[in-house]
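Chains A and B supply the protein sequences, listed in that same order.
Under this note's numbering, read the first sequence as residues 1 to 116, first letter to last.
Under this note's numbering, read the second sequence as residues 1 to 320, first letter to last.
Source of the hints: derived by calculation from the structure; they are not laboratory data.
Some clues are possibly wrong.
[As the list claims (entries may be wrong)] Over the 10 Å line for every Cβ pair with chain B, so calculated as not near, a few chain A residues: (1) Arg-9; (2) Pro-13; (3) Gly-15; (4) Ile-27; (5) Thr-32; (6) Val-35; (7) Thr-41; (8) Val-46; (9) Gln-49; (10) Phe-58; (11) Pro-64; (12) Leu-67; (13) Ala-90; (14) Lys-111; (15) His-112.
[What the hints assert, rightly or not] Simulated coverage check for chain B against chain A, where a stretch passes if three residues somewhere in it have a Cβ under 8 Å from a Cβ of chain A: (16) 103 to 115; (17) 228 to 237; (18) 277 to 286.
[Said to hold, decoys possible] Taking beta-carbon pairs under 10 Å as the criterion, some of the chain A residues facing chain B (in silico): (19) Asn-2; (20) Phe-33; (21) Asp-53; (22) His-65; (23) Gln-68; (24) Leu-94; (25) Asp-95.
Just so it is clear, CB atoms sit at the ideal spot from N, CA and C, and this is done for glycine as well.
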Amino acid sequence: MNAPDRYERFVVPEGVKKVSYERDTKIMNAATFTVEREDHTIGNIVRMQLHRDENVLFAGYKLPHPLQYKILFRIQTTSQSSPMQAYNQAINDLDKELDHLKNQFETELAKHTRDY
Amino acid sequence: MEGVSYQRFPRIKIREVKEDFMKFELRDTDASIANALRRIMIAEVPTIAIDLVEIEVNSTVLNDEFISHRLGLVPLTSERAMSMRFSRDCDACDGDGQCEYCSVEFYLRVKCLTDQTLDVTSKDLLSSDHTVVPVDYSDVSSGFDSNSTNKGIIIVKLRRGQELRLRAIARKGIGKDHAKWSPAATVTFMYEPEIYINEDMMETLSLQEKTELVDSSPTKVFGIDPESKQVIVVEPEAYTYDDEVLKKAEAMGKPGLVEIHAKEDSFIFTVETTGAVKASQLVLNAIEVLKQKLDAVRLSDDTVEADDQFGELGAHMRGG
């Protein structure tokens, strides 16, 4: 039948870039990032992290269609920053947050397994 | 390039840990992180499951594909999965997925020779790797009833003369591909509720009205103190955000008698696994997988360079 292969959902095809970037032609400091083979898991955390950045004027993501396995981020920033800078910053901050979370979890777990 | 950091420092408090179950509190972060972790635990933490079956003899009542499907659903211990290769990007075996780096071989050979019905179970699956075996639910620490005679997971039943002989290949995979690879039985999180009782207003209620209010909640959130006869919060987390008490208070003509808010930065997680990995390990693996995913969506250097050039060009074009 014509159903797409299941792996199509998470394997980036050869020759396709995971992240591509397109600057907006009409608005200053605005851009669209296309991320292949990602969904709400990444989309939502990156969007929420971008909202914490006060230089970000607009940040949103969309999953254009359930059978198009990609997400689009749209970011507009003030002139103090740039969409690319904000995007990198958001990912770095999330990465550090997860490092912290991992350490927290491990120390808590060690406490609990000792009590056992 | 370095901007100000907007990083958060979430806290975790573990309430309960068992082999295949755990409950913990996650604070000082938002729902997007909580939901990302939940989604990853369900669909993106890798495990090992049977993916290819070659049937030699099958004279059982179930057809080949039916048995293959059942074998696929048997949970296998998957501590190794995180460090294993996906067979599609394994270069040691040209993608046929049958080498030690990306697969585990199983054999099953059973024949019934008596008049007694013979159960073929997950215990009859012989693994080539002792670290990857069907999950044994007879472990004392797991929540399962260990009194019942433990015979593993039944795959098919045989009568006299019937036989099942096969070879199976188990591979690494994720729940997004097929649910058989999902290590999670259930993963849920809820907002921690904050419940305020307006004591002054509560004083104006008769004991009967208080009882009615307490009973209006479908779950046991409130109670009445046997001595002071005051309405108290017994179990805030039993609250299912059903609004029933609030409606009751309104109906009694006392809006604001009880106020309930969801704390937007505080979550209570319950994690239950199939036994493929330990519950605590599942959470750690989920954090690790999320980190890997984030790393994969970083902008590549050539994209940045391309934009720098475009930026200069753009500046020229804009008349800069």
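Report task. Grab the minimum C-beta distance from Gln-68 of chain A to chain B and call the hint holds if it beats 10 Å, violated otherwise. Result -> violated (16 Å)
Query raised in the report: Do three or more residues from the stretch 103 to 115 of chain B put their C-beta atoms closer than 8 Å to C-beta atoms of chain A?
Result: Violated: only 0 residues of the stretch 103 to 115 of chain B have a Cβ under 8 Å from chain A.
**Report entry** Assertion that Pro-13 of chain A lies outside the chain B interface [Cβ separation over 10 Å]
**Finding:** holds (12 Å)
Query raised in the report: So is Ile-27 of chain A really clear of chain B, every C-beta pair being over 10 Å apart?
Result: Holds, because the least Cβ-Cβ distance between Ile-27 of chain A and chain B comes to about 13 Å, which exceeds 10 Å.
**Report entry** Hint check, His-65 of chain A versus chain B [nearest Cβ-Cβ separation less than 10 Å]
**Finding:** violated (17 Å)
Requested in this report: Given that the stretch 228 to 237 of chain B was listed as covered by chain A, double-check it with a C-beta distance under 8 Å for 3 or more residues.
Outcome: Per the Cβ count (0), the hint is violated.
Query raised in the report: Regarding the hint that Asp-53 of chain A lies at the interface with chain B, is the smallest CB-CB distance below 10 Å?
Result: holds (6 Å)
Query raised in the report: Per the stated criterion, does the least C-beta distance between Thr-32 of chain A and chain B lie above 10 Å, as a non-interface residue requires?
Result: Fine: 12 Å to the nearest Cβ keeps Thr-32 of chain A off the interface.
Query - Least C-beta distance between Arg-9 of chain A and chain B, which was stated to exceed 10 Å - result: Per Cβ check, Arg-9 of chain A is inside 10 Å of chain B; nearest 6 Å; violated.
Report task. Run the C-beta distances from Thr-41 of chain A to all of chain B and say if the shortest one exceeds 10 Å. Result -> violated (5 Å)
Query - Claimed clearance of chain B by Gln-49 of chain A, with the beta carbon kept past 10 Å - result: violated (7 Å)
Query raised in the report: If you take the shortest Cβ to Cβ gap from Phe-33 of chain A to chain B, is it below 10 Å?
Result: holds (8 Å)
When held up to the earlier numbered hints, the structure conflicts with 1, 6, 7, 8, 9, 13, 14, 15, 16, 17, 19, 22 and 23 and fits the remainder.
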